[in-house]
Structure formats: C-alpha cells, structure tokens
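These are the residues of each chain, in order.
There are 2 protein chains.
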Amino acid sequence: MNPFQRLVVAPGQMAGNQVDLTPAQQHYLSRVLRLRPGDRFIAMDGHGQWWLVALTENAAQGQVLTTIAVATELPITVTLLIAMPKTGLDDVVRQATELGVSQIVPIHSARTVLNPSPQKIDRWQRIAQEAAEQSERQVVPVITAPLVWSDALQTWNTRQSICYICQARDHHPHLLTCLEEARNQRLGGGGWKDELSATQAPQPSRPILAISLATGPEGGWTESELAVAIDAGYQPVSLGDRILRAVTAPLVGLSLIASVFEAERGNGEQG
Amino acid sequence: MNPFQRLVVAPGQMAGNQVDLTPAQQHYLSRVLRLRPGDRFIAMDGHGQWWLVALTENAAQGQVLTTIAVATELPITVTLLIAMPKTGLDDVVRQATELGVSQIVPIHSARTVLNPSPQKIDRWQRIAQEAAEQSERQVVPVITAPLVWSDALQTWNTRQSICYICQARDHHPHLLTCLEEARNQRLGGGGWKDELSATQAPQPSRPILAISLATGPEGGWTESELAVAIDAGYQPVSLGDRILRAVTAPLVGLSLIASVFEAERGNGEQG
Numbered sequence: 001m002n003p004f005q006r007l008v009v010a011p012g013q014m015a016g017n018q019v020d021l022t023p024a025q026q027h028y029l030s031r032v033l034r035l036r037p038g039d040r041f042i043a044m045d046g047h048g049q050w051w052l053v054a055l056t057e058n059a060a061q062g063q064v065l066t067t068i069a070v071a072t073e074l075p076i077t078v079t080l081l082i083a084m085p086k087t088g089l090d091d092v093v094r095q096a097t098e099l100g101v102s103q104i105v106p107i108h109s110a111r112t113v114l115n116p117s118p119q120k121i122d123r124w125q126r127i128a129q130e131a132a133e134q135s136e137r138q139v140v141p142v143i144t145a146p147l148v149w150s151d152a153l154q155t156w157n158t159r160q161s162i163c164y165i166c167q168a169r170d171h172h173p174h175l176l177t178c179l180e181e182a183r184n185q186r187l188g189g190g191g192w193k194d195e196l197s198a199t200q201a202p203q204p205s206r207p208i209l210a211i212s213l214a215t216g217p218e219g220g221w222t223e224s225e226l227a228v229a230i231d232a233g234y235q236p237v238s239l240g241d242r243i244l245r246a247v248t249a250p251l252v253g254l255s256l257i258a259s260v261f262e263a264e265r266g267n268g269e270q271g
Numbered sequence: 272m273n274p275f276q277r278l279v280v281a282p283g284q285m286a287g288n289q290v291d292l293t294p295a296q297q298h299y300l301s302r303v304l305r306l307r308p309g310d311r312f313i314a315m316d317g318h319g320q321w322w323l324v325a326l327t328e329n330a331a332q333g334q335v336l337t338t339i340a341v342a343t344e345l346p347i348t349v350t351l352l353i354a355m356p357k358t359g360l361d362d363v364v365r366q367a368t369e370l371g372v373s374q375i376v377p378i379h380s381a382r383t384v385l386n387p388s389p390q391k392i393d394r395w396q397r398i399a400q401e402a403a404e405q406s407e408r409q410v411v412p413v414i415t416a417p418l419v420w421s422d423a424l425q426t427w428n429t430r431q432s433i434c435y436i437c438q439a440r441d442h443h444p445h446l447l448t449c450l451e452e453a454r455n456q457r458l459g460g461g462g463w464k465d466e467l468s469a470t471q472a473p474q475p476s477r478p479i480l481a482i483s484l485a486t487g488p489e490g491g492w493t494e495s496e497l498a499v500a501i502d503a504g505y506q507p508v509s510l511g512d513r514i515l516r517a518v519t520a521p522l523v524g525l526s527l528i529a530s531v532f533e534a535e536r537g538n539g540e541q542g
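One line per chain: the protein sequences are A and B, in this order. Residue numbering for the first sequence follows my numbering, starting at 1 and increasing by one per position. Residue numbering for the second sequence follows my numbering, starting at 272 and increasing by one per position.
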C-alpha cells in the first residue's frame, strides 16, 4: 500500500516549491490524519502531475520534496455518456473513476426522470475526486453538467473519438468484439491515430485513441435516440445476453475498454 | 421488455401442469402486481427451466401453459470466491448475478473483518434470486456459507476449473490476456474440455469450461494466502493499473469472463 495520503490541489495553490493548503485540507491533514510537521503526503493537480510534499511548521503550507512518476492512467481517453438512472449514479461515478474514465457526461434521455440540482453535480465531482485519490489515479475525471442527448452528440461523435452505444435485446455485436477489432486495427495501421491526432494534443510515446461510450436509462434508449446516435457514427453494441441494470452496464463497458487497452500495454511491455 | 413477471419456484411446487404458489408469491402476484385469473407470469426453477404460467381462479395455483426456451446463461460455469469486504457485498451479489455468476463463495481471509449471520447469507440468496429474475437469467446463483480460504481451496481448484486470483501491485499478467489465451486454447485443441468433462456433467452442444475467480478483501490477500493459492494451481492476475476497491474488482473480473466467452459465442453464431 502507498503510505501517503493523496490530496487534490488547485493550480493556484502551487507557488514555487510551496503548497498553500485550504482550511479544509489543513483540518484534514492535521486533525483527521494527525500529521505533524515533516510528515509527508502527495499533492495531485488532477491532470497527471503528482508531488511528494512535507507538512511545514506552519500547518497552512507544504514543502514540495520531489515530483512523482506514476502510470495509473489509461493509454486512451474515455468518455462515459450515461443516461441518468433514477438512483445509483453516486456509485457509478465512484466505480467509473476506479476504472479510469476521463469524463462523465450525464444525459437527459427520453426515459430519464432524474433532474439533478447543481449541488448534486458538485457531489458527483467530489466523489470522483475521492475515488481518484483512493484508486491512485493521476487525473480526476470531470463530471460535466447534464446535456440532452442531441446536444451531447454535437460534441461527442466520430470527429473526436470512436463511439459506442449500448443497447440490450437487439443482437448487436458484443462491445468486446468491437474493441478487439479497434485494437488490432490500431496495432496494424494506425489510421485512427493519424485521424485523431489532428484534433487532439498528442501524448508522448503513445498512439492517441479516444473512446466515447453511451449507456441507456432504465428501459433503454428509445428507437429515435438510437437512430440519431447511429447517424452520428455510433456503433450499437451488446454487453451480453442478460439484462443489465442502468447502473451496471457502464461498469461492464468501462471494464472492457480499460482492460483491452491496458492488457495490450502490459503485453507490449513484456514482449 | 419482457412483459411477464418472473418468479422462482421450488421443485416441490411443480405438480404436473400446476404450480402451487406460496402465500408470499400469492400476495406478490395478486396484491402487489394485481394480476387477475388468466394473467400470465413466468416460473423459473433456478436451474435453467422456465415455464409460462397463467394464474387460476384459485389464486393459490398457476396453470402451466408452455415451457420457454431462453439462452441468457453463460456457456461456462463461473464461481466467484470473494474475500468478504466490510460493506457492499449486497451490491456485489446483485451485480455478479447480472453478470452471469453460477456460485458465490464468501471467504474468511486474514484481512476479512465481516462475520455474517445466517440471516445475512439468506439475504444474499434472496438478492441473487431477485437479480436473476430482473436480468432474465434461467439459473439463480447459489450463495454458499462462508469458508476459510484453505478450506475453499480443497474444493475450488484446478481439478474442476481454471483458477485465477486477483492481486494488485504485483505486475501479474492481465486477466483479459489470460482469458484470451484460455479461449484460444479451447478453440484450438479442447484439452480442457476433455480434462473437465471427466469431472463435470457435460452440457449438450458446448464444450465445458469452468472458471473460479478469487478476489481479495480491503488491503488484498496476504502473501501466504497468495502462496497457497498458487500451490493449488491458481494463476495470479492483474485487473489493471489502478487500485480497485474490494467491491469493484469482482465486477471487473466477471465482466471480462462473461464477455470473453459470450463474445466468442456471438462471433461463432455470426460466422
């Protein structure tokens, strides 16, 4: 186990080699964790940078000791577009964060009944932050404000990612089959890499690949919602022969995406 | 959506073409769902058999109209051996059932603190039954009484299944890589099929394959628990580069197992 507590800090909190701690962070480190001056913790900026920090005599500040190299992020950018279920989105946010999601876009679909308050979205963002710390991620996923489906398709489409939409009962190809094909195409030719690098900032030493995954509400997407997604380039996919709840489907889809591209990375390193 | 409510019935409730309903089932059908005589529902025996049933004038009985062919079960038998987490096993049972698990064995490991009452195990069995109905499964998974790890290894080992144990931080091969190898070996040669058919009743028209998946508690398996599992033939595997909670890891593992063997089935049917 990594022995150091992880805290997310805002850009404005970093000043040279000093970290200015918020009152809530001071309370947490000094009162809850009972850290003393000289004790160490990890500051994360939520965008891939970690620092090992020592608490100073002035408990309002930390002293940066060193930067930390970690590699717990997926080699691809994954966006989850989730038609909001009636309940259980807290758990989905927590577990999707553990599974490496980059961004979660709550969707108002025809069969969505939830209409979350701004406080609820703040709560989901806090859960994502906590889960990023627990799962030792370098990047905290962003939870956007909810969008209606047609508006979401203006942004998350095949211009910037490979797009899948999950729908039960329709005998679509399995998501795993589609992902294995995408992985093999990428290893073979890199057509997507070239296409995507035109619209995204490239990461060093890795081909770029972005995936958008859309999952439906209780009762599924309507036929017209599925049709507009297919028009926008989404591949309809199955997650298996059983009927998954709206809170389970995203976890299955994200498990497959993370695993297909991480297992590839692992094999590449071994081979 | 399948319009018929699904109910699990015990063998003793089936008498010829009659289903004898328990008082709780009568209450549920007549009072909660407000079914009238002649209305239909599905009776499942929890072992792969479904019947379409009409409620009779005597609300204590149903009349079997026909048997129903469904195929929502995995082509393999999957056992989850889960070192009991402090909280959250209710959700794991529900979601593991959605993912097609055949059997869940709660494990007392060195770092397990939960000591469930018999009532708790009954509750998990009820959750599995509800989830099997919701996800349209033919088989209700069995939740066994908790076992200590060394005792569980006497039963769930390589004599009857391919065995994987999940452990973070140790650079083991990814479970997906191992499953793809197992699938390819099975398609290529069938060595496991022959080996396994010696100890298991064969299913018609499918090669047999059984998988046991072990996931650890908060803090993971101890080194000695991992060592005895490896001695028993377990392959240690990774589920990716992030630290998953004890309640998330089983869902990722089961998602991969179900998908690898269902995507194979789907491809076979298409090809």
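In case anyone wonders, no lab produced these hints; they're calculated from the structure. Beta carbons are placed, not taken as given, at the ideal position from N, Cα and C, and that holds for glycine. Any given hint could be a false lead.
Unchecked claim - Sample of chain A residues with no beta-carbon within 10 Å of chain B, all distances over it, derived:
#	residue
1	V8
2	L33
3	R36
4	P37
5	W51
6	A69
7	Q95
8	H108
9	Q134
10	L147
11	V148
12	H174
13	T177
14	G233
15	G240
16	A263
Claimed, not checked - Not the full set, but computed from the structure, chain B residues with beta-carbon under 10 Å of chain A:
#	residue
17	T337
18	S406
19	L527
Verification of the hints:
1. V8: A/V8 is indeed farther than 10 Å from all Cβ atoms of chain B, at 16 Å.
2. L33: Holds: least Cβ distance 18 Å, greater than 10 Å.
3. R36: 25 Å, holds
4. P37: 28 Å, holds
5. W51: 19 Å, holds
6. A69: A/A69 is indeed farther than 10 Å from all Cβ atoms of chain B, at 13 Å.
7. Q95: 5 Å, violated
8. H108: Answer for A/H108: holds, closest chain B Cβ roughly 21 Å.
9. Q134: Violated, because the least Cβ-Cβ distance between A/Q134 and chain B comes to about 7 Å, which does not exceed 10 Å.
10. L147: For A/L147, whose nearest Cβ neighbour in chain B is about 26 Å away, the distance exceeds 10 Å, so it holds.
11. V148: 24 Å, holds
12. H174: 4 Å, violated
13. T177: 5 Å, violated
14. G233: For A/G233, whose nearest Cβ neighbour in chain B is about 22 Å away, the distance exceeds 10 Å, so it holds.
15. G240: 5 Å, violated
16. A263: 4 Å, violated
17. T337: 21 Å, violated
18. S406: 4 Å, holds
19. L527: 6 Å, holds
Checked against the numbered hints given earlier, this structure breaks hints 7, 9, 12, 13, 15, 16, 17; the rest are met.
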